[in-house]
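Novice: Protein chains in written order, with the working numbering: chain A, 1 to 58; chain B, 1001 to 1316.
These are computed hints drawn from the structure, not numbers from a lab. Possibly wrong hints are sitting among the right ones.
Dumping the calculated SDA-like pairs for lysine to any residue here, alpha-carbon to alpha-carbon at most 20 Å [unchecked claim]:
1) B:Lys-1303 - B:Gly-1113
2) B:Lys-1023 - A:Asn-15
3) A:Lys-37 - B:Gly-1113
4) A:Lys-13 - B:Phe-1015
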Amino acid sequence: MSGANSNISDRRKRNNLMLGGVLLGFVALVFLITVAKMMNGAGDVANSKRVPVTEQSE
Amino acid sequence: MTDASLVDTGPETDFTDYIALLKPRVMSLVVFTALVGLLVAPVSVNPVIAFASVLFIAIGGGASGALNMWWESDIDAVMKRTQGRPIPSGRVTRSNALIFGLWLSVIAVGMLGLTSNYLAAGLLAFTIFFYAVIYTMWLKRTTPLNIVIGGAAGAFPPMIGWAVATGSIGIESILMFALIFMWTPPHFWALALFMNDDYTKAGVPMLTVTHGRCVTRNNILGYTIALVPVAISVSFTSIGGPIYFAAALVLNALFLKGAYDIWKRTEAQAEADKFATERKVFRISLYYLFGHFAFLLIEATAKGFGINWAAWPQWF
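Pulled out of the complex, with its shape left as it was, chain A reads as follows (with noise of 0.2 Å):
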C-alpha cells in the first residue's frame, strides 16, 4: 500500500510542478509580450493621440 501510495504522491508532485511550469511560463510570455510591443511602439501609437495643448488652442 505504501509503494502505492508513493506512487500517487510522485504523480501529484510531478503534475504540480508541470502546472507551476505552465503558469510561469505564462508569466514570462506575458512580460515578453509587453516589452516587445513597447520597443514596436505600442506605447507611441496610444501617446500620438495626445495633441499637445499648445496645438489644440491653435
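Once you have looked at the hints, place chain B on chain A.
Specialist: Frame of chain A; chain B shown alone:
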C-alpha cells in the same frame, strides 16, 4: 480514518490527460498552417509577437478539441479509435473537460487580441465556435455533409496567421483557406472508407454510412479534381512562385492518382487487401497538405534571400 483511506486509488487525472484533451496531433497541423500563414505574409512580425500569436492560436485549437471531446464522449466510448481518450476512459470528467475547454478558449482569444489584433482574435473565436458548435454539436450527427462544411474550421488557421501579420484578409489567405477546405473531404472520406464500421457503430452519418462506399469513392475523386485548381492557383499569387508551382504539380498528380485508384476499386478488391489503397491515399493526403504549406514556406524563404521571380505571372 487512516492516511491510506484518504488516497483515491481509482483512475486519477494526470497532467498529460489534459494535454490529450487538446488533441495534440490536430494541434500540430493548426500550428504549422498558422505559422506558414504568418511567415509568408509580406509583413515582418516581431518574433515574440509571432511566437505568442501562434501559441494562442494553438491553444484555441486545443480548446476546441477539448470542447469536441466533452460533447462527443458518448461516441468516443463506442469507437475503437477513440476509446482510450481521457473522458471515455474515466480519467477526466465531462464537466472538467468543458470548463477546461471554455477557459482555454477565453484565454486564447483574449490573449491573441491583446498580442496581435482583434481581427485575428475574432477569426480564432469564430473558428472555435464553428468547430465546437456548428460542426461538433450540429453537423456531425445530422448530415453526411458534416465533413464538407465542418472542414472550414480546420481551414481558418493560415487565415488567422495571415491576419496576425497583416491585420487583414487577402486573396492569399482566402486561397490557403480554400486549399484546406477542399482537401478536408477527400482526406476524411479516405479514412472513413477503412473506418466505416466504427462510424456505423457510433451512428455518425458519414458519407460511407449514409450513401455507401461506392458513392464515397466517386466523391473523393470529384473533390480531388476540384481541389487541383485551388492548389495550383496559389502559385500565381504574391506568396506563390515556380518552386511552389513545381511541387504543387507533383503533389496534385500523386493525390489525383490516389483518388483515381480509390475510385476504380471494387468493394471485393478493397476487402481483399484490407483497404490498403485507401490507407495509402489517406497517408498521401497528409503529405499533400504538409507539402503545399512547406513549399509556400520555402518560396517565402527564397524571396527572403532576394530571389525574385520577376517574370513569374501574378494573376491574383
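Novice: So, for every hint listed, does it hold in this structure?
Specialist: Verification of the supplied hints:
{"no.": "1", "hint": "B:Lys-1303 - B:Gly-1113", "result": "violated, 29 Å"}
{"no.": "2", "hint": "B:Lys-1023 - A:Asn-15", "result": "holds, 19 Å"}
{"no.": "3", "hint": "A:Lys-37 - B:Gly-1113", "result": "holds, 13 Å"}
{"no.": "4", "hint": "A:Lys-13 - B:Phe-1015", "result": "holds, 11 Å"}
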